[in-house]
Structures are given as C-alpha cells and as structure tokens.
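There are 6 protein chains.
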Amino acid sequence: MDNWLWCLKTDTPQEGYELAILLSQKGVQYTQTSEEIRRVLRPQYAHDANSLIAVSQVIAINFQTVAAANNYWNAPSYY
Amino acid sequence: MDNWLWCLKTDTPQEGYELAILLSQKGVQYTQTSEEIRRVLRPQYAHDANSLIAVSQVIAINFQTVAAANNYWNAPSYY
Amino acid sequence: MDNWLWCLKTDTPQEGYELAILLSQKGVQYTQTSEEIRRVLRPQYAHDANSLIAVSQVIAINFQTVAAANNYWNAPSYY
Amino acid sequence: MDNWLWCLKTDTPQEGYELAILLSQKGVQYTQTSEEIRRVLRPQYAHDANSLIAVSQVIAINFQTVAAANNYWNAPSYY
Amino acid sequence: MDNWLWCLKTDTPQEGYELAILLSQKGVQYTQTSEEIRRVLRPQYAHDANSLIAVSQVIAINFQTVAAANNYWNAPSYY
Amino acid sequence: MDNWLWCLKTDTPQEGYELAILLSQKGVQYTQTSEEIRRVLRPQYAHDANSLIAVSQVIAINFQTVAAANNYWNAPSYY
Chain A
3 MDNWLWCLKT
13 DTPQEGYELA
23 ILLSQKGVQY
33 TQTSEEIRRV
43 LRPQYAHDAN
53 SLIAVSQVIA
63 INFQTVAAAN
73 NYWNAPSYY
Chain B
3 MDNWLWCLKT
13 DTPQEGYELA
23 ILLSQKGVQY
33 TQTSEEIRRV
43 LRPQYAHDAN
53 SLIAVSQVIA
63 INFQTVAAAN
73 NYWNAPSYY
Chain C
3 MDNWLWCLKT
13 DTPQEGYELA
23 ILLSQKGVQY
33 TQTSEEIRRV
43 LRPQYAHDAN
53 SLIAVSQVIA
63 INFQTVAAAN
73 NYWNAPSYY
Chain D
3 MDNWLWCLKT
13 DTPQEGYELA
23 ILLSQKGVQY
33 TQTSEEIRRV
43 LRPQYAHDAN
53 SLIAVSQVIA
63 INFQTVAAAN
73 NYWNAPSYY
Chain E
3 MDNWLWCLKT
13 DTPQEGYELA
23 ILLSQKGVQY
33 TQTSEEIRRV
43 LRPQYAHDAN
53 SLIAVSQVIA
63 INFQTVAAAN
73 NYWNAPSYY
Chain F
3 MDNWLWCLKT
13 DTPQEGYELA
23 ILLSQKGVQY
33 TQTSEEIRRV
43 LRPQYAHDAN
53 SLIAVSQVIA
63 INFQTVAAAN
73 NYWNAPSYY
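Residue numbers (the working numbering), protein chains in the order written: chain A, 3 to 81; chain B, 3 to 81; chain C, 3 to 81; chain D, 3 to 81; chain E, 3 to 81; chain F, 3 to 81.
Everything labelled a hint here was simulated from the structure, so no lab data went into it.
C-beta atoms are modelled at their ideal positions from N, C-alpha and C, and glycine is treated no differently.
A hint or two may mislead.
Here are the in silico distance ranges between beta carbons for each label pair [to be verified]: (1) D4(D) <-> E17(A): 45 to 55 Å; (2) W8(C) <-> L24(B): 13 to 23 Å; (3) R44(F) <-> N5(A): 18 to 28 Å.
Some chain A residues well away from chain F (every beta-carbon gap over 10 Å; in silico) [said to hold, decoys possible]: (4) D13; (5) T14; (6) Q16; (7) E17; (8) E20; (9) E37; (10) N76.
So here's chain A without its partners, still in its complex pose (with noise of 0.2 Å):
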C-alpha cells in the first residue's frame, strides 16, 4: 500500500479525531482489498444503527491514540 500515515501529530483536537477516522478506514481497507467490493458493503453498515455504533466505537479506540500521541494537544509540542 501506498504510503499514508507519517505522522500521529496533527494541529487540533478535530484533526485529530479526523486522522482516527482514517486510521479505522485503513483497517477495513487492508483486510478488503478491492474498492469495489466495499462500496457494494458500504450501505449495508451505512443504514445500520449498530453497524455505525460498532464504526463510532473503532473510531473512539484509534482517537485514543492519536490524543495520546499528541499529548491531548494540552502543552505545546516541541518535537
């Protein structure tokens, strides 16, 4: 896969937020490799209240990481 994560530091909370958005997208796309087959997928968990509950709770997991590295952007970053 092409390159896509270089960095878990992002300016704001909401980046930050956003970027575990994106981390939990990524899970799906290694393990389904072909766009075509998760856009047929993407309306069955789209209109499912527990299917966007269980992808809210993968998102909070990675975001817990991502405040993490950043410190939950409370002190300024030096690095």
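The hints should help you fit chains B, C, D, E and F onto chain A, whose structure is shown.
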C-alpha cells in the same frame, strides 16, 4: 465538516462526559452524513437494549480519553 | 440533565466500582431519555446472559477510568 | 450490596487475574440482582463459545485495571 | 485452580504474545471448567470467522497488559 | 510456531500500523492453525461489513500497543 472540536478540556467531569457523548455521536455522523437517515435509524437503537448498551460503551471509551486529557479533573490545570 | 457527576474521586475501590456502574447507566439514559421506555427494556437485557456480559464490559471500561482517577486507591490523595 | 472490594492489590498476578474475574461477575450481579435468575442464565453462556469469549474479554479489561494497580507485580510495593 | 501465572515478564514480545493467548484461554476455562464441554465448543468458534476475530480481540487486550508489564521490551529490566 | 515477532519498534507509524495488522492476524492463526480452513473463512468476513469493522477494531487495539511501544514516534529513540 464544520469546526466542532477545539479542545478536550472541560471544567467538570460531567461536561467531560457530555463531550464524550458528542464524540460518540460524531463517529456516527461522519460515517452516515445524511441527517435524515440518522433520524430514521434513531428509533432502531433507542428502543433496543443491546444497542443502548453498545452506545454506552462507545461513550465510556471516549470518556477515558477526555478524562485523561483533563488529568481526571484532579489537579489544577496550568495550560 | 441535572448535575450528577462532580468528581471521579471515591473513598474506596467499591465506591469507585459503583460510580462506574452509574457512568454506564448514564450513557443509556442520555441516549434514551424516556424513563418509561428504559423500564420496558430492562427485562430484555436483565434476562439475557449476553446482554449482562455486555453491561459488565461497559462497567469494566468505566472502572478503568475511575480507578486511574483515584490512582488505584494506592496512594494518599493530596487533592 | 455488602462490602466485597477493599483493595486492588494482590500478592501475585494469578490472584490479580482472579480478582478480575470477581470484578467481571459483580458487573452482572449488580445488574441482575436475583441469584435465581443468574443461575438459570448460567448454562446459556457456559455452553456458548461466543459468550465465553465475551466473558474472557470482560476479564481481560478488568485485568488491565488490576495489573496497573499492582504496577504489574514488577516492583516492590511500599503502600 | 492450580498455579498457572507467576509473572507477566517474558524474554521476548513473541513470548509475551503467547502469554496473552494463555490469559485469554484462562478466562474461558475459569468460566467453563469442564474440559469436555470446551472440547465440544471448540469447532464452533474455530470455524467461524467472527468468533476468531473476537478471540483475536481478547488476545489483543491481554497483550496490551503483558506489553506494558514488560515496558514494551524496550529497556533493560532491573527487576 | 516459528519466530515472527522480535520487536515492537518500527521506523514509521505506517509500519507500526502494519505490525498491528500482523498481530491481529496472528491471534486468528494461533486459534485456527489450519491455513486451509482460514482460506475458506476469508470470504465470509471479507464480504461482511460488520466483520470488517470488527477486524478494524482488533487492529486499532493492537495499534495502541505498538504506538505506545514506539512512544508514538514522537521522540528519538535511545534504546
């Protein structure tokens, strides 16, 4: 998406818990961007005990992040 | 919602565990605000082993947060 | 409920694991307080592989908490 | 149950991962103590993709604990 | 099983994410050792949105471990 998350700091644990709820909802909103479809799905999970438990779990995971970001509201913050 | 969470500190681990239960219930209450509907749903999960296991998992996640906030009740607290 | 949790410290990792089991059971007991109903439900999950995996997951989450509270049994404790 | 867990330290990450597998199995064994029943259940989950994913998740959670106990095998241990 | 995990350190976050994928796969392989059966099961989860979300969750949990082991790739490593 518009700006919705500037900071993980809150004044009280309860506000932190409510921010965790917002984070959990955002995970759904980013994945299903149609407000109309989300409105249709709402009764599906709001009347199902297992879905509600799953929602509470996502909130719990996000609350871990928010609580850590606030040093558990234990110490004065100098940020 | 009224104030219900002022502090994550508790005197004992057991009170911390009971606070974790409260946090888990609140995640449901914020999502399904009708007390009547929640009362109807209660037998649905209280008589289902898998639902009860799922509830115990949410409590476990919240207990991680409460335990960390209390430094695992290991050291005297100076807050 | 009577007192059942005074301390998260244990002498050995195995006792810590067994405390994690107790914590996982308590989450069920607080939610379904009838011992009789819990006894009825027991065969339901003790003979279902997915339920047993779910139980093991709750134990794993609680073990994280107990292990952290004991500093992973790595260092002498001065508490 | 006999002694089975004396220490969370391992020499290598792979041994740590294998300890995480043992911890995951023990959660099942404590809950379903009959070796015979567990043998019956084994094909049920070993041939089901979702069960195998769930098993891998329990291992992942236990591996977090073991890895932290070993300081991620990064530094020399003086214990 | 042969040696497959020597170190949790990686040069980049993306390599860390890919190590998290390997860890997630290994949890399945240790539990279902037959490569043939795993090949049969593959289409079962690779075409099911909920399974793919579950896989992404396992990866996310393992990525937390790998990211922590690498200090989130923020600081130079002196190990």
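Run the structure past the numbered hints and jot down the numbers of the failing ones, going up. Hint check: nothing fails, all pass.
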